[in-house]
Structures are given as C-alpha cells and as structure tokens.
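Novice: What follows is the residue order along each chain.
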Amino acid sequence: KQEVTQIPAALSVPEGENLVLNCSFTDSAIYNLQWFRQDPGKGLTSLLLIQSSQREQTSGRLNASLDKSSGRSTLYIAASQPGDSATYLCAVKRETDSWGKLQFGAGTQVVVTP
Amino acid sequence: NAGVTQTPKFQVLKTGQSMTLQCAQDMNHEYMSWYRQDPGMGLRLIHYSVGAGITDQGEVPNGYNVSRSTTEDFPLRLLSAAPSQTSVYFCASSLAGGMGETQYFGPGTRLLVL
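Going down the list, the protein sequences come from chains A and B.
For the first sequence, the numbering used here assigns the number 1 to the initial residue and increments by one for each residue that follows.
For the second sequence, the numbering used here assigns the number 1001 to the initial residue and increments by one for each residue that follows.
These aren't lab readings, by the way, just hints derived from the structure by calculation.
None of these values were measured; they are calculated from a predicted model.
Every residue gets a Cβ at the ideal spot worked out from N, C-alpha and C, and that includes glycine.
Among these hints, one or two may not hold up.
[As the list claims (entries may be wrong)] Calculated pairs, DSBU-like style, for lysine-lysine (alpha carbon to alpha carbon, straight line, at most 35 Å):
1. A:68 with A:42
2. A:68 with B:1014
3. A:1 with A:42
4. B:1014 with A:42
[As the list claims (entries may be wrong)] Derived DEER-like restraints, expressed as beta-carbon distance ranges:
5. A:83 with B:1005: 24 to 30 Å
6. A:12 with B:1012: 32 to 38 Å
7. B:1053 with A:83: 39 to 45 Å
8. A:70 with B:1044: 22 to 28 Å
9. A:78 with B:1012: 21 to 27 Å
10. B:1003 with A:63: 36 to 42 Å
11. A:8 with B:1053: 39 to 45 Å
12. B:1012 with A:9: 46 to 52 Å
13. A:56 with B:1061: 31 to 37 Å
14. B:1079 with A:16: 48 to 54 Å
15. B:1007 with A:82: 30 to 36 Å
16. A:113 with B:1010: 26 to 32 Å
17. B:1044 with A:8: 20 to 26 Å
18. A:18 with B:1009: 31 to 37 Å
[As the list claims (entries may be wrong)] Here are a few chain A residues that sit away from chain B, every Cβ distance over 12 Å (derived from the structure):
19. 16
20. 22
21. 42
22. 56
23. 60
24. 76
25. 102
26. 106
The shape of chain A in the complex, shown without the other chains (with noise of 0.2 Å):
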C-alpha cells in the first residue's frame, strides 16, 4: 500500500522568506507526482506535476523536485508572499493504479505573516 506523508503538518514563516515543503513516498513506482494548493473552503487547483522520468519542474516563484528512488519530492516556493497562505497537498500516481486513481498526503498549512 502507498504511503504519502508530508512534513511538516503546518509551517509559519514570515513574508520574503523561501518555503520548503516535504513529500515523502513508500511505493517508488509511480507514474507521477503532483502538488496542489487548497485554499479555506475552496477545492484543490494543480500547481506542478512532474513525470516520473523528470527531476524538476518550475513555474514562476515555484520548483518541484522529484528523487524518486528515494520516495521524495521537495516543493520549494520563493520570497514568500501573504497570499501564498494556504495548504499544500502532494499526490502520487501508482503504475499499479488506475488512471483515475491518486494517493495523497495530508498537507502542509502554510501562514506568511506580513
């Protein structure tokens, strides 16, 4: 059975720092993973998705990396913002599972005090 855990459970850092953000993974053959941010109240949006065949991805003040031998990906956010307050969720696609199918971890809550 698939394991997704994300540590820490909730982070405080103040506005400019850098966010590091962990997710780890028991089952290494995976298809991909993905990182998502959940606002109070609101449904889940995709930030990054990263293939299993690829060690990064980037967009804007946001990287993902994926070590996938070692079950991890690491979700880094750059000089911190108020508004990037929110929970961020990791999921991983098995290759064992259905194409519908993903497994998730807990979040991370994350507060960017101004």
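Dock chain B against the given chain A, drawing on the hints supplied.
Specialist: Leaving out everything else, chain B in the frame of chain A:
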C-alpha cells in the same frame, strides 16, 4: 468552460436519509473520481470511472454508489447516511491517461450527517 462543478455546496442530513451529490465536467474528460477529505487524513478515493458505463471502487467505497451514464456526469449516492460520512466531498476529472495528465477538482460539497 465551467470546469468541474458540484452541487450542492453544503448539505445537512439526518441519519438514514439518502441523497445524491452531483458532479459535472464540460472538458470531455474520460476519467472522473470522487474523494472525501477528513481532517488530518488527506483525500481518500471513494469511487472512480474510466469512461461512460465503467466504474470501480476506490479505498473507501462502503455506503456509496456511483454510475456513469454520460461522459459529463458522475453522481455519488449515499444510500443511508451515517455520521461517519460527515466530510467534504470532492469530484475530480482528467483527460485520458498519460504521465503528464493533471487532475481538475471541483469546489467540494460539505456534508453534515446528524
């Protein structure tokens, strides 16, 4: 495009009542899924569908039914609501499978069972 839509946004049920959570997407996506989100547990897959007429069980299917008569709609039925089904329910969709395929989520339905 409206993307993934869900109705209702919020619902209160009494134990034993039945109801249907609606989900629709206008992106011609083949894959659709239902997840529930509980505090500290991340999202867990209830049921999913890989196309019209094809559904399968996820991680926590007990107490829920689904059907997929059209590509656009994927309703989730609670047969006899129980307090343990109090949760936030998310519907998601994605185009036919591929390593670079992301999932799109609806805004969620908050369900309270008394």
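Novice: Now, for every hint given, state plainly whether the structure supports it.
Specialist: Here is how each hint holds up against the structure:
no. : hint                          : verdict
1   : A:68 with A:42                : 30 Å, holds
2   : A:68 with B:1014              : 46 Å, violated
3   : A:1 with A:42                 : 28 Å, holds
4   : B:1014 with A:42              : 25 Å, holds
5   : A:83 with B:1005: 24 to 30 Å  : 25 Å, holds
6   : A:12 with B:1012: 32 to 38 Å  : 34 Å, holds
7   : B:1053 with A:83: 39 to 45 Å  : 43 Å, holds
8   : A:70 with B:1044: 22 to 28 Å  : 25 Å, holds
9   : A:78 with B:1012: 21 to 27 Å  : 43 Å, violated
10  : B:1003 with A:63: 36 to 42 Å  : 26 Å, violated
11  : A:8 with B:1053: 39 to 45 Å   : 44 Å, holds
12  : B:1012 with A:9: 46 to 52 Å   : 29 Å, violated
13  : A:56 with B:1061: 31 to 37 Å  : 36 Å, holds
14  : B:1079 with A:16: 48 to 54 Å  : 52 Å, holds
15  : B:1007 with A:82: 30 to 36 Å  : 32 Å, holds
16  : A:113 with B:1010: 26 to 32 Å : 30 Å, holds
17  : B:1044 with A:8: 20 to 26 Å   : 21 Å, holds
18  : A:18 with B:1009: 31 to 37 Å  : 36 Å, holds
19  : 16                            : 29 Å, holds
20  : 22                            : 15 Å, holds
21  : 42                            : 6 Å, violated
22  : 56                            : 14 Å, holds
23  : 60                            : 17 Å, holds
24  : 76                            : 19 Å, holds
25  : 102                           : 6 Å, violated
26  : 106                           : 4 Å, violated
Consistency note: the structure conflicts with the earlier hints numbered 2, 9, 10, 12, 21, 25 and 26.
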